[in-house]
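We have chain A already, so just place chains B and C on it with the hints.
So you can see what is in the structure, the chains are spelled out below.
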Amino acid sequence: MHRKIGIALFSLLFLVSFTGAQAQFEKSYMQMSWDQIVAEAKGQTVYYYAWGGSETINSFINGYFKDRLAQKYGVTLKLVPVTDATTYVNKVLGEKQAGKTSGGSVDLVWTNGENFRTMKQGNLLFGPYLDKLPNARYYNEGSTAYDFGYPVEGFESPFGSAQVVMEYNSKYVPNPPRTIAELVAWVKKNPGKFTYAAPPDFTGSVIVRHFFYANANNLGELMGPLNASVYSRVAAKTWTMLNDIEPYLWMGGKTYPENSIKSQELIGNGEIWISFEYGPKGAESRITKGTYPSTIKTAVLDTGTIGNTNFLAIPFNSGVKAAAMLACNEMLDPEVQYKASLSSDQGGMSWMSPLDITKVPRDWAVKFDALPRHPSTLSGEVLNSHKVSELMADWLVKIEKDWQAEVLKK
Amino acid sequence: MDIEDTKASPLHWIVYIGVIVSVLGPLIPQFIWPFAKSWFFPDLLPSVWSVRAWEYIANPNSQVLEAVWNSLVIAVLVTCISVLLGVPAGKALGMYRFRGKGLVELFILAPSIIPGLAVTMGIHVVFIRLGLSDTLLGVVLVHLIPTIPYMTISMSGIFANYDPDFEEQARSLGASTFKTFFIITLPAIFPGIVTGAMFAFLISWGQYLLTVLIGGGRVITLPLLLFSFAASRDNAFMSALSIIFLLPAIIILFFTSKFLSGKSSSMGGFGTI
Amino acid sequence: MTKRTTIVLLLFPTISVLVLLFLGGLAMGLMQSFGYMPLIGMNDFNIDAYGSLFGDQEFLLSLALTLWISISSTLLTMVLAIITALAFRKTFSGKRIANFLYQFPITIPHIVIAVGTLLVFSQSGMAARFAHQAGLIADQNQFPVVVSDKLGLGIIYVYLWKQIPFVGVIVLSILQAMGNNYEELARSLGASKWQAFRHVLLPTIIPGILPASIICFSFTFGSYEVPFLLGRPYPTVISVLAMRLYQDVDLNARPQAMATAVFMAAFISIMVVLYKRLLGKMSGRR
Chain A
455 MHRKIGIALF SLLFLVSFTG AQAQFEKSYM QMSWDQIVAE AKGQTVYYYA WGGSETINSF
515 INGYFKDRLA QKYGVTLKLV PVTDATTYVN KVLGEKQAGK TSGGSVDLVW TNGENFRTMK
575 QGNLLFGPYL DKLPNARYYN EGSTAYDFGY PVEGFESPFG SAQVVMEYNS KYVPNPPRTI
635 AELVAWVKKN PGKFTYAAPP DFTGSVIVRH FFYANANNLG ELMGPLNASV YSRVAAKTWT
695 MLNDIEPYLW MGGKTYPENS IKSQELIGNG EIWISFEYGP KGAESRITKG TYPSTIKTAV
755 LDTGTIGNTN FLAIPFNSGV KAAAMLACNE MLDPEVQYKA SLSSDQGGMS WMSPLDITKV
815 PRDWAVKFDA LPRHPSTLSG EVLNSHKVSE LMADWLVKIE KDWQAEVLKK
Chain B
2 MDIEDTKASP LHWIVYIGVI VSVLGPLIPQ FIWPFAKSWF FPDLLPSVWS VRAWEYIANP
62 NSQVLEAVWN SLVIAVLVTC ISVLLGVPAG KALGMYRFRG KGLVELFILA PSIIPGLAVT
122 MGIHVVFIRL GLSDTLLGVV LVHLIPTIPY MTISMSGIFA NYDPDFEEQA RSLGASTFKT
182 FFIITLPAIF PGIVTGAMFA FLISWGQYLL TVLIGGGRVI TLPLLLFSFA ASRDNAFMSA
242 LSIIFLLPAI IILFFTSKFL SGKSSSMGGF GTI
Chain C
619 MTKRTTIVLL LFPTISVLVL LFLGGLAMGL MQSFGYMPLI GMNDFNIDAY GSLFGDQEFL
679 LSLALTLWIS ISSTLLTMVL AIITALAFRK TFSGKRIANF LYQFPITIPH IVIAVGTLLV
739 FSQSGMAARF AHQAGLIADQ NQFPVVVSDK LGLGIIYVYL WKQIPFVGVI VLSILQAMGN
799 NYEELARSLG ASKWQAFRHV LLPTIIPGIL PASIICFSFT FGSYEVPFLL GRPYPTVISV
859 LAMRLYQDVD LNARPQAMAT AVFMAAFISI MVVLYKRLLG KMSGRR
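Chains as they are written, first to last, in my numbering: chain A, 455 to 864; chain B, 2 to 274; chain C, 619 to 904.
Isolated chain A (complex conformation):
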């Protein structure tokens, strides 16, 4: 009996000492100077988990960015391509459950929205580290304080930004609609030439939110946590509108594309003439790749299109937090963001920089302004002045669910 108690006490002690050490470890980074962090990072290897389906992005990260980290700081970056972001969330969770609280396998992740929230709520992230990064001064923290309505609080650092644009084939659509109301009228006049991916597809879901925004009295009433009475009023109007245009959609609305890859195929092949996609430079990169004809152009709605930022974050059990922070900081370097903004032909990845042009050093600001712009791409000014915020995740989940019941199955 005594022995049992002894063992229990011992293991408890062990556990306490372990968690204590962990907390101290984290605190020590907060007290370290940036130079000390850089010194510690030298020689470390960072395993970076990211969606790996784009050869342009993979090439940039594995090429320019990796070489830069190696040459400048002696840090090795290893890209781990995944098919779905939830893979790494689950991995870190599994390691936490199995008691692997240090030396974890994931050091850096590309994340935003729902996955960030899950990781932060599950105490799976290291931080707050954002203020520790010297290059954090180059971007406007106010604009990225929330990630899908969830406070960032320094637990992730910006990587790139994204904004929805309307892609249209100028060969058939000389004057694209400027508002959702005009779009509805256009769809009825051009049956079969518009569609959107079925939510909960990431892109399909954001397209439905644009219809949702158009049916609200003002954007203000949609911001903040879910408001049931506002939701039911706006949702009812939205479902009526979407059911109203359904017979005029591609395939008579009998089916919807499964995802944005399919809708991109449709507009690329000329089957539909208008589509909405994430990424203002998506059309540019697809024209360069040859999957779009060069007659595709992009536009924004007068009322704005939804934009968001994507981030890098560091799991709580990474064994190389110094090097991971260094990579986050380097990603915010104006030179790196500038290179990334170039097209793939010029060694970039057609990136949308999250940096605030008014805050970066003057000579870089000039360069950003002088970036060659593809004929299909809108200027940064137009995009920025037409950017509207995302809804909080609880709205989003409800809209996706109700769309299935109210539009798809009706």
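Hints listed in this document are in silico derivations from the structure and should not be mistaken for laboratory results.
Hints may be right or wrong, so weigh each one.
Between beta-carbon pairs, the in silico distance windows are [to be verified]:
{"hint": "1", "chain 1": "C", "residue 1": "Q751", "chain 2": "A", "residue 2": "R687", "range": "46 to 54 angstroms"}
{"hint": "2", "chain 1": "A", "residue 1": "T694", "chain 2": "B", "residue 2": "S233", "range": "33 to 41 angstroms"}
{"hint": "3", "chain 1": "A", "residue 1": "K643", "chain 2": "C", "residue 2": "W686", "range": "37 to 45 angstroms"}
{"hint": "4", "chain 1": "C", "residue 1": "G659", "chain 2": "B", "residue 2": "N162", "range": "48 to 56 angstroms"}
{"hint": "5", "chain 1": "C", "residue 1": "G898", "chain 2": "B", "residue 2": "L45", "range": "51 to 59 angstroms"}
{"hint": "6", "chain 1": "C", "residue 1": "W686", "chain 2": "A", "residue 2": "A670", "range": "41 to 49 angstroms"}
{"hint": "7", "chain 1": "B", "residue 1": "L25", "chain 2": "C", "residue 2": "W686", "range": "23 to 31 angstroms"}
{"hint": "8", "chain 1": "A", "residue 1": "N629", "chain 2": "C", "residue 2": "G673", "range": "48 to 56 angstroms"}
{"hint": "9", "chain 1": "C", "residue 1": "Q760", "chain 2": "B", "residue 2": "N162", "range": "52 to 60 angstroms"}
Predicted model only: the values in this text are computed from it and were never measured.
We put the beta carbon where it would ideally sit given N, CA and C, even for glycine.
Chains B and C alone, transformed into the frame defined by chain A:
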């Protein structure tokens, strides 16, 4: 049509052509896509050609070479260990009769029949604890689960037809155990080893699920990259990787086709479950 | 060295590796499916995961789809393997073609054919393009949906591609082993060609390919790669469902993932036992 017929009738040719088209059909576009830049519906050939997929693959930054290397190292290690374990076990099953043999056979064969998902998911948490997850060694270990049965059963088929008297004779003529093995046993069982090793190699080479579960994405192999591109439907890259993925199969087929025939006793081993 | 020691020594390495990895893994999976894994702080013991599994509509739909795919592809494999082997066995040209075509697919990885199926049979694939050129369809949407379709036709096609040669080789070797004598005898006694096939060839072939059929069935039942590439997100096959549950961001779904995987293992084990009984009966009857 007579049974002794040695000339193909038109009906035969219809079957032949149907079979050839459905066997080779799915492979042909894979050899065109990696050279396509723009290939819109309904064109039968690309409108713009390009070798960007191959440039990407040859670029060390693309991780393709690293993935090929990892896949090879894993598959070779798995094959060697399977041979070392499977040959003795196959000898025991093929040459001896003993109590509980049926049970042992069933147990060794079970991992090739029972889906590996339950086993791998179950063992994952232990591998994390032991530091084996996310390592090449861990991946090699789980790949052994499906390969050992194939190796063992192949070898038991070979040993069942093997005459141990030759060994006796060699030994009575003064050859050492070591020498007997290399001069008598090995040449006799070699075709079985080749067939079994070939299966082991290909099973390991083609694994996605076990690698991604235990390797955690950090052990990058060719199927992992292929799945990344397949998920984003980039046909050119997907096809180029698929061709590389196909190469060992073709090479192996070329070298071993003489060992793999309908009468091969190593294939017959599967009749024993 | 006694015979007994020799056998034990020969078997020991393989058995111990399989006990550790295979049996060990299976036991761990079973424990976790009951929510019990003290190593990671799961101390309950319950059958909740199984309860929620069989109450879950998605699981039942997945099971139905999986059974449909594996049963239909196994049966079709058997039928087509016999037909092609019969067509190939007689003529010289047929034998050469058969040798090549039967050996070729056996070594090709499933994933490669899944990719090929995607490129040929999707609505913008080669088959649709040929159909358009031939004037059969005006628009790619008119091409039947056979990839990511409700019935898993694309998946079945890949399995057939891989398995017909595997079974066909066995059928050919059975046909070669029995020679023409019995068949000729039957014919000379006045049996029709169909009767000779039905009463002489078939009863010889079927027991010979049953082991292969159980291998095909269990492989298609547990396969992940092909349905992942060619299936729909909902409902999906059971292995993809188990993996999705395992990778869910909510760890509470893990026991359910384990229960799904354990169910698969148990189901296949039961099938093998039933099959051995059946085989025993068949050989007992003869």
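Legend entry - List of violated hint numbers, smallest to largest: none
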